[in-house]
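Participant: What follows is each chain in one-letter form.
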Amino acid sequence: MGDFIKHPVVDMPERMPAPAIEADKLVFTDDEKKQMKTWVSRYPTADGAIMRGLWLAQEKFGFLPPEVIQLVANEIGIPYANAYGVATFYTQYFKEKKGKHVLDICTCFSCQLCGGYDMLHYIEEKLGVHKGETTKDGLFTIQEAECLGACGSAPMLQITNGPFVHNLNKEKVDALLDALKEDKIPAFTSVTLPQDEDEMGGNRRSDVSSIESYSVRPVSETLS
Amino acid sequence: MEAKKTKAGDWRSYQRVLLPPVKDLHKLDVYEKHDGYKALREVVTTDKWDPTSVTNEVKKSGLKGRGGAGFPTGLKWSFMPPVNPEIPRFLCCNGDESEPGTFKDRQLMEYNPHLVLEGMLIASYAMSIKTAFLYIRGEFADWITLMEEELEKAYAKGYVGKNIMGSDFSCDIVIHKGAGAYICGEESSLMNSLEGKRAYPRVKPPFPAQKGVWGYPTTINNVETLACAPLIINRGGEWFSKIGAPSHPGPVLYGISGHVNRPGVYEYPTGMLITDLIDEVAGGMRGGKKMKALIPGGSSTPILRADMIDGVTMDADSLREAGSMMGTSGMLIMDEDVDIISWLRRITHFYHHESCGQCTPCREGTGWLENIVTRIDEGKGNVRDLDLLLDLCTQMEGRTVCALADAAAWPVRYTITRFREEFETRCLKEMAPSGGVLETA
Ligand SMILES: Cc1cc2nc3c(=O)[nH]c(=O)nc-3n(C[C@H](O)[C@H](O)[C@H](O)COP(=O)(O)O)c2cc1C
Ligand code: SF4
Ligand code: FES
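Top line first, the protein sequences correspond to chains A and B. When you number the first sequence by the working numbering, it's gap-free, plus one each residue, and the end is 226. When you number the second sequence by the working numbering, it's gap-free, plus one each residue, and the end is 526.
Simulated from the structure, these hints should not be mistaken for laboratory data. Any given hint could be a false lead.
What the hints assert, rightly or not - Below 16 Å or equal to it, Euclidean Cα-Cα: the simulated EDC-like pairs (lysine to aspartate or glutamate) are:
hint : chain 1 : residue 1 : chain 2 : residue 2
1    : B       : K108      : A       : D139
2    : B       : K108      : A       : D209
3    : B       : K108      : A       : E34
4    : B       : K112      : A       : D200
5    : B       : K112      : B       : E233
6    : B       : K112      : B       : D257
7    : B       : K262      : A       : D198
8    : B       : K108      : A       : E201
9    : A       : K97       : A       : E69
10   : B       : K215      : B       : D257
11   : B       : K108      : A       : E69
12   : A       : K62       : A       : E34
Stated by the list, open to error - Covered by chain B, according to a simulated footprint, are these stretches of chain A (three or more residues, beta-carbon under 8 Å):
hint : segment
13   : 77-89
14   : 111-121
15   : 153-166
16   : 195-203
17   : 207-217
What the hints assert, rightly or not - Computed footprint of chain B on chain A; a stretch qualifies when at least three of its residues, placed anywhere within it, have a C-beta under 8 Å from a C-beta of chain B:
hint : segment
18   : 45-55
19   : 220-226
In this text the structure is predicted, and so the values were computed from the model without any measurement. Where a beta carbon is used, it is the ideal one built from N, C-alpha and C, also for glycine.
Chain B on its own, in the form it takes in the complex:
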């Protein structure tokens, strides 16, 4: 058996780069003193960089999106069509952060807002974009105010707007306030929301790079993804690619919640052993309890039982092998006392509530998932309901406009398959007199 091995190297002496320990870093003058807007200055004012070389540097860094899907960022940027001065192009920075268990982008906006703005500008430069939208979920009203204040200061200093730092690169940033809908985090839904429509996801293709907001070429990246761009310019793609797991490199914000002694957002390299994150970083399990299960990256990533995490590290490859995904790296840790069925019931409620209702398998399926899981939770389910649920998941997965239906089905599928005994114990041993007719909510 292979020994437990972290891919995060000497992580105990890791020096944070996304949230470096600097007092009042959110203030523009402090940020400036700590290499703030240095990367942007170099990019827009020196001959060392042009849009292609910036994109190539990001490709070299191996940065993968931090919004959930883990798509290589440099590659995504290179999908933008050649510049045509007649046709506008847009960047959307995705700060919708609504995936249950995820709370990292908010901390980045609270403690290092200018890094996010600088990242957006560098990305805009790399793709010759003149307008960048920062979409923030409406619930983050206080953080929207904060970002607006800091954006105003950046405008006043000439870091944003016309002829940035005297160069011929101009770019505006617009902060868009959402109003409470999980689905707006999905990129095409976000675009409809920006356009002032109901936020229904769009059928893909066409992909955003071909036909995005207002029908123009668009790139969508997560807040944390874009915050990595200035670091890559300042210290080089190669430096970045050597942090953490080689196949999924970089610093990452782990949002740890649930039954640990010290929940919170932690910055460490990718490829941390899950056991290190729980036992050392987050101070171990609360009250000395045993761990029962965990969610590695937001509610839609498949649940892992405690006996499945030995030697598993937080990067796409290792988590795939273990039977889950990196997602948003928002980890929920559950102790031995958790009633997994009641917990699953709450998740199914979430997806039912958040389905936009466009596709039948999702609109109806999420409702039935909630109904049936609720019935089991209340002790009125039959064992055959479990297979009915799994069948329902199959009918939902990959058959809809966006991935919300999959995101809703996976927790049900994997929680049942990985905790089947517990579900069966809760189910009625004999057929219900009702013959299995469901009571609808």
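Isolated chain A (complex conformation):
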């Protein structure tokens, strides 16, 4: 029997990788612990808080290696296996180290038809890496994303699970990458409803600094 499967059918992650986070850094502050407790108290069982817990850990440590998942599981009070199962189910949890800025470029169907792949390829060329890869300087990871729920302002991208950048074009990408190199993360952008433009003369929100319109979308050069 021993010879039957010589190699795993799929690439298995290493069972016991060397810890990526040093032991003395692998702790939550009292505030963070308090925050976790609050989340736990909002659900009938502690399990409900695991997703928030993993989010907090990812923001703190940058990604979720096994030792971080273990730490969150201990803090929430659930088995490691459950926490690991959740962490590996969702695409937004990073299981390995990513660049400082993760660019999720949407190429799903609306974006595809409005130049999503053009933008993806442009960014790939500009940064010299393919989707799924990180630049050598560790600044950028590029990923191809599924519909991010902003199809009217396609093509668009999301920066490190945070702000959306709408109505992309090459100039906008250039400016964005320059800004990100200086650690300037764009502010929340409100895309004005067309009916608001007609009836209210512009965006209804007075508290956002960055405003854009839905507008005619470009023609795609490539669809894949």
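With chain A fixed as given, assemble chain B with the ligands onto it according to the hints.
Facilitator: Positioned in the frame of chain A, the structure of chain B with the ligands alone reads:
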């Protein structure tokens, strides 16, 4: 031949109600000045309403779910079992919004968040629920922050929490942040996700009203659906039922994307002529091009060719007759230059990526759909691949735990049957030397 007829009445002078034109409506004080929380106040503090009469009013309104399936909302609420003080009950507001082509719930959260919260509270009252979850997809991080800020303000004002507005009705709202998985929009998957499990859909029955989150009675409604509840209380179910198409009434947010001059989210009554929406509302086709096809309500609703939309209106009946569905009313408009095969290839990639992997027909089927469509797109397919694809669709439809497999199969089935010539032209005329052995990705 019947003349083109809109069911949306005098829609050009339609006054928006979900997103009324009010500056800074997202702020609590502005919302309060515009009848904000008035419906909730009336419901919880006056004798005019009890849970049954609220549910009946929603039934009377004819409101149908805006999350995709179009199930009558009042009826869904009445499926909740009789109250037993020992057994908790839950509401889940579905803000997962991941169906490609859909971007309306996000706009509601951005521009009228309190309407969503008020709707959740009214629904909770109608079903005697004390905890309501608002599940928002993780990608909407900025909107989650916004909703959390506004929720905090609503708590501070006593609109949410213990003894709302001095009444004996108490209800908490918890905002749950997803982390990127389309499948979490499926109601039973959403429940598993809330419970802190891997978000695998559950076998139904038992239905959520019998056995939902943590095994307790649960109702799941879309964000836009619940946002209609305060309007129905304020202005009456009858008023609501007279907006738009009689069989599928109400205001609806049309998310129009693709090759039109003015994409975006528009609020109009249901039953709008598709041609009106494209030519007038969204400013016509970009660059004066001809339209080739459209998707009426998110990626899984069957594609309609330009020659199929004459006189078709945006409501369940008319779209069914035309051979499609209302779905989420996220419309994708495609012009004559679109390569429909490359486009279909991207959709098959989406479903392959998003299948949770529980059921064999879906896990394997979505992969094969992508493989075969890709092979055709690359010009290496055979004509018989088309029938293979259709056969595969048949093997997937209705054989799985959740409807994702159907949602994956329909675009393939209908794009092939409605654009068969184009597919055949791309296919090899002769049998490939490989004898049809597929290269797997
Ligand atoms: C694969 C799949 C994905 C779904 N995604 C969503 C979604 O993102 N948002 C949503 O509101 N409903 C979604 N639904 C529909 C829900 O299961 C459910 O029917 C809906 O939230 C009920 O709300 P409603 O009655 O108000 O429409 C999805 C269904 C399936 C099968
Ligand atoms: S149909 Fe697909 S997505 Fe749904 S439960 Fe089965 S494998 Fe998962
Ligand atoms: S397709 Fe890109 S945001 Fe929807």
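Participant: Look at each hint and say if it fits the structure.
Facilitator: For each hint, the structure was consulted:
At most 16 Å may separate the alpha-carbon atoms for a hinted pair to count; B:K108 and A:D139 exceed this at roughly 45 Å. For a cut-off of 16 Å, the pair hint linking B:K108 to A:D209 stands: about 11 Å separates their Cα positions. For the given pair, B:K108 sits about 37 Å from A:E34 by alpha-carbon distance, which is inconsistent with the 16 Å threshold. For the given pair, B:K112 sits about 22 Å from A:D200 by alpha-carbon distance, which is inconsistent with the 16 Å threshold.
Annotation: proposed proximity of B:K112 to B:E233 holds, straight-line Cα distance about 13 Å (limit 16 Å). Taking the CA atoms of B:K112 and B:D257, the gap is about 20 Å. The hint is violated against a cut of 16 Å. Restraint check for B:K262 and A:D198: the C-alpha separation of about 29 Å exceeds 16 Å, so the hint is violated. Proposed proximity of B:K108 and A:E201 is supported: the alpha carbons are some 11 Å apart, at most 16 Å.
Of the supplied pair hints, the one linking A:K97 and A:E69 holds, its CA atoms being roughly 11 Å apart against a limit of 16 Å. At roughly 6 Å between alpha-carbon atoms, B:K215 and B:D257 fall within 16 Å of each other, so this suggested pair holds. For the given pair, B:K108 sits about 48 Å from A:E69 by alpha-carbon distance, which is inconsistent with the 16 Å threshold. A distance of roughly 10 Å separates the Cα atoms of A:K62 and A:E34; the hinted pair therefore holds under the 16 Å criterion.
Requiring three or more residues with a Cβ within less than 8 Å of a Cβ of chain B, the coverage given for the segment 77-89 of chain A holds, as 4 such residues are present. Given a C-beta distance limit of less than 8 Å, the hint that chain B covers the segment 111-121 of chain A holds, as 5 residues qualify and 3 suffice. With 9 residues bearing a CB less than 8 Å from a CB of chain B, the segment 153-166 of chain A meets the requirement of three and the coverage assertion stands. Taking a C-beta to C-beta cut-off of 8 Å, the segment 195-203 of chain A contributes 6 residues in contact with chain B, enough for the three needed, and the coverage statement holds.
For the segment 207-217 of chain A, the stated coverage by chain B is satisfied: 5 residues place a CB nearer than 8 Å to a CB of that chain, which reaches the threshold of 3. Taking a C-beta to C-beta cut-off of 8 Å, the segment 45-55 of chain A contributes 10 residues in contact with chain B, enough for the three needed, and the coverage statement holds. Figure legend: the segment 220-226 of chain A, annotated as covered by chain B; annotation consistent (3 residues with Cβ-Cβ distances under 8 Å, at least 3 required).
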